Structure formats: C-alpha cells, structure tokens
Amino acid sequence: MALSVSKVARNVPPAETRAGRGPKRRWWPDRVTQLLFVLPAVVYLCLFFGYPLVKNVIMSFQNYTTSTFFTGYAPWVGFANYVSVFKNSLFQTTVINTVLFTVGSIAGQFVIGMALALFFKRRFPLNGILRSLLLLPWLLPLIASSSIWKWMLDQDSGVLNQTLLFFHVIASPVPWLSSPNVALASVIMVNIWLGIPFNATLLYSGLQGVPEELYEAASLDGATGWKAFRYITWPTLRPVVSVVLVLGVVYTLKVLDIILGLTGGGPANATQTLATNSYQQSFVQFSFGTGAAISNILVATSLAFALVYLRLNRRAIDE
Amino acid sequence: MKAVKSARSRQLPYTVLAVVFLAIMLFPVYWMVNTSLQPGPSAVNATFIPLHPSFAAYSQAISDQLGNMKTSLLVALGTVIVTLVIATPAAYGLAKFKLPFTGAVMLALLISQMIPGIVIANSLYTVYVKLGLLNSIPGLVLADSSSAIPFAILILRAFMQSIPPSLVEAARVDGAGHWRAFWSIVVPVSRNSIITAALFSFLFAWSDFVFALTMTTSNTFRPLSLGIYNYLGSNVQSWAPVMATATLAALPAIILLVFAQRYISAGALSGAVK
Amino acid sequence: MKTNRLVAAVAIAAAFPLALTACGSSAPAGGSSAGAAGKGLSLTIEDYYQPPQAATYDKIYKACATALGDTITSTHVPGASLITKVLQQETSKTLPDVLMLDNPDVQQIASSGALTPLSDYGITGQGVEQEVLAAGSLNGKLYGLAPGVNSLGLFYNKDKLAAAGLTPPTTWAELASDAKKLTGNGTYGFAFAGTNTYEGTWQFMPWMWSNGGTETQLNSPQNAQALDFLASMVKDGSVSASVVGWGQGDALNQFTAGKAAMMENGPWQIPSLKAVKGLNFGYVPLPASAAGGKSVAPLGGETFTVPSTGNTAKEAAAGKIVACINSPANEMTIAAENNYIPSNPTIAATFGKSDPDLAPFVSIVADARSRTGLLGTKWPTVGTEIYQAEQLALTGKATGAAALAQVVANNS
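Residue numbers (the numbering used here), protein chains in the order written: chain A, 8 to 326; chain B, 3 to 276; chain C, 15 to 426.
Incorrect hints may have been included.
Unchecked claim - DMTMM-like mimics (lysine to aspartate or glutamate), calculated; alpha carbons at most 20 Å apart, straight line:
1) Lys288/C <-> Asp173/C
2) Lys98/B <-> Asp37/A
3) Lys291/C <-> Asp173/C
4) Lys291/C <-> Glu213/C
5) Lys100/B <-> Asp163/A
6) Lys73/C <-> Glu351/C
7) Lys334/C <-> Asp173/C
8) Lys76/C <-> Asp369/C
9) Lys194/C <-> Asp163/A
10) Lys172/C <-> Asp371/C
11) Lys249/C <-> Asp163/A
12) Lys411/C <-> Asp250/C
13) Lys195/C <-> Asp37/A
14) Lys273/C <-> Asp37/A
15) Lys132/B <-> Asp66/B
16) Lys308/C <-> Asp381/C
17) Lys273/C <-> Asp381/C
18) Lys288/C <-> Asp381/C
Said to hold, decoys possible - Every beta carbon over 10 Å from chain B, so not counted as near; a handful from chain C, in silico:
19) Lys76
20) His90
21) Asp134
22) Phe243
23) Cys338
24) Pro342
25) Ala350
Hints listed in this document are in silico derivations from the structure and should not be mistaken for laboratory results. All figures in this text were calculated on a predicted structure; none of them were measured in a lab. Even for Gly, the Cβ is constructed at its ideal location relative to N, Cα and C.
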C-alpha cells in the first residue's frame, strides 16, 4: 500500500517560495532543536519531582517525627524503618490486599473500558453525549462519591441491599463494608466504577486513531471481526493499551482517598493496602520514617511494572 | 430519506443499550442528586425518589461556591494550556526523535506518577512560601500541571508512536524544520489525543484536593474541591449542600466535555494516508 | 549508562530546591511589623471550624483583637487536614500567631517545640477543670487552653422507649436488655461509632474507663470485658454490624431516621436533633458497668495555643488573645452558641442554670477524663491500638482479650 502524504503536506510551503533564500540553515545543530522540544518538560520534572523523591527516600532512613518538621533534626537509623515494616504482621496483609486490589481493579476497569470503547465506536444517536456522561464518576469530588457509595453499600439501610432484597436476588443483606470477608471486594468494585471512564475514554481515543480506510480495504480482502481487530486495530492500539495498563497499575497502587472514605482501611484491616498504611503511619501515627519506607516500597513495585512497560515499548518501536 | 431513516432505526437499539448501561453505572450520581434535594438534616436517609424536593441546599451552594467555581475553572483551564504547551512537543520529541536519554526521561516520567501527592505538596509548600505563590492562580496552575504534564506526555507519546514516519519525512524533505513539521503536521494529526490529554488535564486540576489544600491559606481564595468542605465541620456535617455543590461542580465540566468530545472522532489520520 | 544520566539528573534536580531552602531557612517567615505589642499588629489565627460554627469564633477573635488595638485574620481549614497544614507550616516556619488544636493533638505538636508555654503570657489556667489542663499540658507546662469542652452521653428516643415500657438504662446489663427489646421492625436498639479511626477510639473510651480499665495498660481484663460487651451486642443483633464503619455522624443519621432507638453521641448534635420534626429525644450519662458504679466519659473540645514564630511582639499579643478567648464572657458565648460546656466549672454551673437543655452534660463533663492526660505523646500509638482491637472484637475476629493481646504484640 503506497502511502501518499499529499493531502497533509499541502499546508507546508515549499522551501523555494521563501524569499528566494533557499533551504534554511541554522547555526546550531539539529540536535539542539530536538532537545528544545523536550527541555521544558524535563526541567519541570526535575523542579517538581526531583526534590520530593529524593527527600522521600532519605526520610525512610531517618527517625522522622513531628519534631523534625520544626527542628529539621532527624537521626539517621539506616534500614531500621524498613525492618520494622517487614517484621510487622500487618505487612503481609497489606501486600496481599494491595495485590488483590490492583489486579481486581485493573482487570475490571480494562475489560469493561475496552468493551465500552469498542461499543461506542459505532455510530448511533446520542453517542457523543453518552460518552461524555461516562466521565461523570471521574469528575465527581471523591468526598462526594465515597460518601454516596458508603451509604449505598450500608448493610441495613443501603439502597443496594434494599434493591437486591426487593428483587429476591439475595435472601439476607450482604455485609458489603462491614464484613472483613466482603469489604475488599466492595472496595474493588467501587474502584472499578471509578476507573472505567479513564480506560474507556483513552481506549476509545486510541481506537479512533485507526484510519477507516484500513478497515474498508481489509474487509475487501475478507478480513473482518476478529481478524480485523488482530491485524489492523491491535498494532495501532498496542502502545495505547500498554500505557493505559502501566498507568492504571501506577495509579491503582497509589489509591488512597476512596479506600479511606469507604472503610478507613477496615474492618479489621481487611482493606488496608500499602498506600493506606503508609498514610496511617505518617499522618495518624506521626511515624513519618516508616510511612516513607512503605511508600518507597510502593514506588519500587511500580518501578518494576514501569521497567516491564519500557522494555516492551522499546521492543515495539524496534519492530 | 428512507435509507437514512432505516439506518437510524437500526442504530436505535445501540442507543437504548447505552442508555440502560449508563443508567446503571450512573445510579450513584442519581443518588447524589437525590441526597441534595432532601429537606432537613437527615439527608443521608434519602427515600428512593425525592418526594418533597427542597432546593435549599442548591441556593446555599450557589451563594457560597460560585466564586470558588470561578477559581477552579480558571485554574483548570490554565492547567490545560500549560500542560499542552509543555507536554505536546515533549511527547513528540520522545516519540520520534531518537534521543539518547529517551529511556531515562520515560522512566523519570513514570516514577513521577508513583510519588504520593502529599509528598510533593509538602515539598512544594516551602518553595511556594518563599516565592510568594500561595493563594494565587498561577501557583495552583503550576502545581496542578506538575501532575498533568507527565500523564499528558505518556499518553500523547503513545498516540504519536502510531504516526507513520513518512508523513513527517515528506515535509522535512521539502525543507521544513522540526518545529514547522511539528506544528503543521503532527499537531493536526494528533488532534484526538491532544483533546484527550487536555480533557484529563482539566479533570486532574478540577478535582485536585491535595494541592488546593496546601497552596491556599485564605478563606476567600479557594478552589471548589476545597470549598466543598465548608459543610463538613469536625462535629456537624450537612451533606445536602455537599451533594448540591458536587452536582453544580459537575455541570460546567460536563458541558466542556461534551464540547470537547465532539472533536474526538475518527478521521484525524484518515485522508492523510492513502 | 542510562542509570548514570538519571542519577545525575535527579541529583541536579535535588540540588536546586535544596539551595533555595538553604538560602532562606534562617530568616523567620511571617509578618514583619516591629510595632510595640498591641499597637496595630496584624495577627493570624487558624482553626478547623466551618460555618455556621465559624461565625461565633470569628466574632470573638475580632473582638479580642480590637480590644488590643490589633487586627486579626482567621483561616478555617477542613478538619481532617489541620494537622497536615500545621506540619507544613512548621517546616516553612509560617505558623499562625494563634493556633487552634484539638485537645489530643496538643502534646504531639508541643513536643516538637512548635508551641510556646502559655505561662509566658501569664495564663495559668486557674479555675479551669483539672482534666482540661491535663489535656493541654506537656511535662507540667500548659500549652493549650480550651474555652469550651464536650463529652459523650446516651441519647434515646423517648417515644420508642415509652412504647416498650422502658426507662433509660443506667447499667450495662440494662443497656443490653433494653437494646434487645427495642430491636425489631427495621430498628436497632443501640448505635455508636466503631469506625477504624480515632473517632472509634473516642467512643470506646467511656466503656473502658467505666469498667475500671486504663489506657496505659491496654492488655487488661477490664478493657477486654468492655470490648466483649460491645461485641456481644453486635452478635445478638441489637447493634448493627455496620458500626465498624460508622462515625458519629452516621450514628446520628440512624437515630434521626428512627433506625436506632438509642445512640452514643455528644451535645453538638442537639441542634440537628431538634431540627428533625417529630423526634422526641432525651439524654443521660452513659451507663456504668455495674449498679452503683461510675460512668467516665472522655473530654472533647479544642484548645487555643501560641505557636513559636520568633516574633516576640506578636507572641505576646497572641497570648493575650488566647486569654481573651478563654474569658468568662466568651466561654459563655461559645457554650451557648455552639453547644459546648465552659471549661471553668463555676462558669459551667452558671451556664447549666441558664441552659437547661445542656445541664445534664455539665455533670458529665465534670466527671470526664482527658484522653492524653496519662498518655502524652504516646496517644497516637495507643489510640490506634484501641481502635484496631475494637475492630477485631466487633467483627468477631477475636475475643476482647485476644484482640488486645494481638494489637499490643504487633506494636511493640
């Protein structure tokens, strides 16, 4: 398939029309122009993230308390914070909860998001407005949505149980947020609800990047449905899918407010994740060194996923 | 005529399906509006349908929060502009120029997304105090952009990787510089992803709480995400105004989103590739 | 190769803001007017009161400042975020001139050196309830003084109790049996806040103390019995299992909706309760563990402190403001408008006579105990242990004794 760029290149004036000067020559190397594209972003990154990251790492090796905020004095304790975190019996629970929470959320969000993106690709009346409304869960202030879900999921007076009982789907009220066995599933469910707009919108945009003509040409060759998806949609969509997944993991590992709003990490630590525990250690127990240690463990975990993503991405570019 | 009509009627089942799905998924939003219409302090025990709707919460929310909404809008729009200006060229550079440190920058971008917001806010606070950026719209714009820019770069880059290199090469062969090629070719072709990135930057800034809390110290300059806490005292909480504010906060955002979504359509690349 | 570049980039990035902070850390931040004390100073005060409560305090702040010839601006921060803000301000040395702190936080913040002793300004706390002073003191020095305090009581639905032929319970046994009788038809007998935060701890402490338990020795049979008592009510169905996630606001909602016949809550809810049409409610002290026993409730309320800002003129003025906020007239105003009890027992007695609604709480407060009086800076650790143990007991995952043993072992 020969590619012609005539349509797009039309608005680029050919060099010759420029005041007869011929092709522009710069006195600085081409490389510098390229660097300038990226430089503002890199500077921003360093200014805003460099210091906090370094400080967070250093804090995890110190005995950092409320006094430190005022005096600036924090004795160095080496790996003591990390040791106490690993030795704490809560650590194992939080790791398991974090893994379950992340896997459950990503799986649910991605599958439903992808299904919605594919669905909305069709043309039908009100498509645009409905797609915008889909973003509402992401739009609402978390304090409002977590409180609403908390009331809806209340065992006795919550509207969900009342509806399910009314339709005889369940025989007795489900202890969504009050039982340690069910609470994590409930929190995952709410997080999926929150994450669907993000996934659906990005995947939809990605799907729109595949030119229509390719589908037409392929269908002429008899490739439709699954074959079309595999050979046309997927190659274009792959970078978007992988960035959605890796960002999904990074953001889900960080999720804090929705869990705190729904259960506060309970009941009995059933929904306590590494992120919520880090928050508790720092801002409830004022043991900032321990809190920083836990959040660094989280960063290290995210980092592992990021490295996998970059490796796959690099391979894709080289293809 | 007949063809259009039958095409429409064939499409209608999809609309119905979409509406049903959205009705289920947006039920909590309905519940939120329902709570906001409840009279009296026991807003939490809302009946299924508001039988005696009261708009007292809305009049309170409007009189209290209109200024805050303006602040939030300005901050969010500013964030979109700053983010797009910085992120779009960077994304393109990281996607297409084979720069030697691309991997390192990508890693740094991803790491920046892993740091909890409160850690960044705490570090920024001291600097902001010295620079006098507290309680200012530029200050909040810069802070919110810090969380939007890495995300925008990652997303835009993913989309830009799919742009066929021949598109840009053709222009470069004609003598266009990097900037020219970027502005005249890459940007129009990336319209979908730029709008998507703008959309999410807007939403990040609109619903941000941590930076709003940290970078403001006055009662008059307050984004909506902070102003909503006016009704949540440490002892007594009135939820109807909270939900009314949340509903009101959603309205301008939804309008902007519907407007923006119009532009995310197939065809940005089509016609360019034949 | 890549890693080296990244490390270099990060190191440079770290150096930049570090340089900034190094430059300015020596100079004290905040206003720099060097006028003599009380002559046109511009002061700042920070609290977590929201409208309509905030209006009362703003009025008082302004009056106190004007009396000194100064001006004052108040900042109201969302409740849960006050400590975060205070810590940020500590780092950047931009603490307000007067800082309101919830009483359990005083010792933590004071131990960091951020607060100045109130005795520097001639405030001795004379005439104030002993436990109130204990809450605001560290190592024998008074750092925070609360003009108004509150506590917990047992609220009951008069109609429901009358219909069942019951009078408000005075012992645990009566509470358990009354709650059982009142449960049914979509109503639970009793509701309280058992959530996974300090709010849960706050609501558990009266049960602990009334049974003779103490917070300095968590792993005791008395504390275990208190846990088992509450857990037994959940198990036999007179208390909803959802209490593990309820705050005091949630308990209130259950009560006002008629879904709970009794609840454990405080006097600040009285205005909301009065606004509910058709709700006949009353309140008594929480029941004692056995007949003839004493019921001890925790002490709530916010203190006012003077942070160390380095500006002696402003600190002196701030001291006078704190004294003014704690004056008898202002204590009465705060109590009357916001349903607190004055922290000075003499004024409280007068207040009780003038406001019969709140009179029962005057005696409850007189017997109340501060949460941090004995614990001091250990409050965060022990407070967390208490609610963790409560969660284990209420969800039925462990008996009271096992739960306490577990949390103490975990945190040692």
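Straight-line alpha-carbon gap Lys73/C to Glu351/C, limit 20 Å: 12 Å, holds
Holds or violated: Lys288/C and Asp173/C, Cα atoms, limit 20 Å. 15 Å, holds
Would you mind confirming whether the straight-line C-alpha gap from Lys100/B to Asp163/A stays at or under 20 Å? Distance ~60 Å between Lys100/B and Asp163/A Cα, so the pair is violated.
What's the verdict on Lys194/C and Asp163/A, does the C-alpha distance respect the 20 Å limit or exceed it? 17 Å, holds
Proposed proximity, Glu213/C with Lys291/C (alpha carbon, max 20 Å): Judged against 20 Å, a Cα distance of about 28 Å means the pair is violated.
Within 20 Å, alpha carbon to alpha carbon, are Lys273/C and Asp37/A? Not satisfied, since the Cα-Cα distance of roughly 74 Å exceeds 20 Å.
Taking only the CA atoms, is the gap from Lys334/C to Asp173/C under or equal to 20 Å? 49 Å, violated
Is Lys132/B close enough to Asp66/B, meaning Cα to Cα at most 20 Å? 31 Å, violated
Taking 10 Å as the cut and beta carbons as the points, is Lys76/C off the interface with chain B? 14 Å, holds
Under the criterion that the straight-line Cα-Cα distance not exceed 20 Å, is the pair Lys76/C, Asp369/C satisfied? At roughly 26 Å apart (the allowed maximum being 20 Å), Asp369/C and Lys76/C break the hint.
Are the Cα positions of Lys98/B and Asp37/A separated by 20 Å at most? 14 Å, holds
Consistency of the no-contact label for Pro342/C, given chain B and a CB cut of 10 Å: Given that every Cβ of chain B is farther than 10 Å from that of Pro342/C, nearest at about 23 Å, it holds.
Consistency with the previously given hints fails for numbers 4, 5, 7, 8, 13, 14, 15, 17, 18, 20, ordered from lowest to highest.
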